[in-house]
Amino acid sequence: MAVAQSQTGGDVAVSLKGVTKTFATGVTALDRFDLALKPGEFVSLLGPSGCGKSTALRLIAGLMEPTRGSAISPGIRPGGARGQIGFVFQEPTLMPWATVAANVRLPLSLRRRDGVDVDTRVAAALDQVGLDGFAHAYPCELSGGMKMRVSIARALVTEPALLLMDEPFAALDEVTRFKLNDDLLGLWRAVKRTVVFVTHSVFESVYLSERIVVMTSRPGRVFTELKIDAPYPRDDRFRTSADYAALCRRVSDALADATARAGGA
Amino acid sequence: MNGEPFAPAVSARDRAEAALRVLLPIAVLALGIIAWELVVRLQGIPPYVLPGPVLVFQTLLADWGLLSGSLMVTLITTLQGFVLAVVGGVALAVLFNQSRLIEYSFYPYAVILQVTPVVAIAPLLLIWLPQEAAVLACAWIVAFFPVLANTTLGLNSVDHNLADLFRLYGASRLQVLMRLKLPAALPYILGGLKIAGGLSLIGAVVAEMAASSAGAGSGLAYRIMESGYRLNIPRMFAALVLLSVAGIVIYFLLAWFSHVMLRRWHESAVMREA
Ligand SMILES: Nc1ncnc2c1ncn2[C@@H]1O[C@H](COP(=O)(O)OP(=O)(O)O)[C@@H](O)[C@H]1O
Ligand SMILES: [Mg+2]
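Protein sequences appear in the order of chains A and B.
Position 46 (the first sequence) corresponds to 46 in this note's numbering; numbering is contiguous.
Just add 1000 to the spot in the second sequence (first one is 1) and you have this note's numbering.
It is possible that some hints are incorrect.
Stated by the list, open to error - So the derived label-pair ranges between C-beta atoms look like this: (1) Leu1020(B) <-> Ala135(A): 39 to 45 Å; (2) Val1115(B) <-> His136(A): 42 to 48 Å; (3) Ile1076(B) <-> Thr120(A): 47 to 53 Å.
Derived from the structure by calculation, the hints contain no laboratory data.
Glycine included, each C-beta is placed from N, C-alpha and C at the ideal position.
With the hints as extra help, turn the sequences into a complete structure.
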């Protein structure tokens, strides 16, 4: 929260200030929630399921409005350039009736940018996620990990400044998850776009992020923020290092505190 | 799941099972026909009570000129009713989907139209409309509701996250309809078509029967009624056989069409290794 105050207008990519979100059902998913990201930052939201992580992402994406407080993504929303945001859901969320290429092309074709460079960009996006040979396959012909790659390619095809990922790898096996974690870091380091990564895995959040926002549940609040200052590139050596283990321990303790605090309240 | 796109591998056991599913009903049919012929012959049942299958088949050939003409009349009515039902059902479902107010205002009447037995409406329609139009209207009334109901269900079954994605990328209403809702509804629409095909035949037959009591008509159902009055029971059976065959052919055509439309992507049609 100290971070939020230190941000000045120019270098803020995402800013949630005092955001409260109460649903029509009476459930308060977020309560005075603060989050601020600098452009190019990789931040994870970590918390138990039901603590409002998805709600926070949807507020950032403008898919819903806060009940109180302000949710703005400076430099992204004005001008209506909504393609500036890429969203990856927990499920691959592909159109089963469309080929891989057509799924990836969707964000471009919805904005009537069909043309020569569209095909190139679709091909490039598929190439980035290692699916260049599968343009004409249908989603039902792909494995879970490959579908997730298609979903990531679709989010990347507009070259968004902000990438929002909602537990994208939670349903995958460990080997595939590690591989996709590495690929994601590679993509992020190649083009430093801002990433908000939602997860309930301590290990994943430590491996990926520069900063972790630990949340309490019911209602969702920021419990604490932890900086992960291990240098990039991070790889298997980092994953097995004592540093990594110590960081995971710290984050894990914070998460346990956050959960206990919520339970006691 | 493995990482490779799978090739459909049909095992010998699957193939044997598929063969059985075709052969068994045919065997039952053959046995039934033989038993029917035997009973008719051994009991000496007169043809005006129950004609044997051989006689029915002979009548079918002998009266082919008359019966095929009637078949065409009934089939054309059925097809017209079916097409109108599909167009009307899908269009109405889309309209309801676009506007809550229209849906609330008119959906109850669609239901009323559906639950009122068409046999009861047919005589009224025959008074109001010229005979052919009345028959068509009956075929339409019975067939359009399953299309409407299924399409409505399909349009509402869109994945929420996909809908959000379309919103995120600023899709217009028309884009959401054409590129998200209708494709998502396609399996449901095709399911509705399969039901509507058979029902439009039933609607056409019911209306023809109602019309025939006024002495008008030329379709298969009219032939059945007429043969009944004249105690030409073999011709009645021949017409009945043609009606059944028409119903079966309509069903399989629509099932095949549905399979072709969905085979690349939908769970119901995609071949999977067991
Ligand atoms: N559209 C909605 N309507 C009503 N309640 C909702 C809605 N979305 C989420 N919630 C509720 O808000 C809380 C937080 O949900 P969510 O943001 O999905 O949590 P998380 O992603 O951390 O698991 C949950 O209690 C959930 O039931
Ligand atoms: Mg969630």
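When the structure is checked against the list of hints, which entries are broken? Sort them ascending. none
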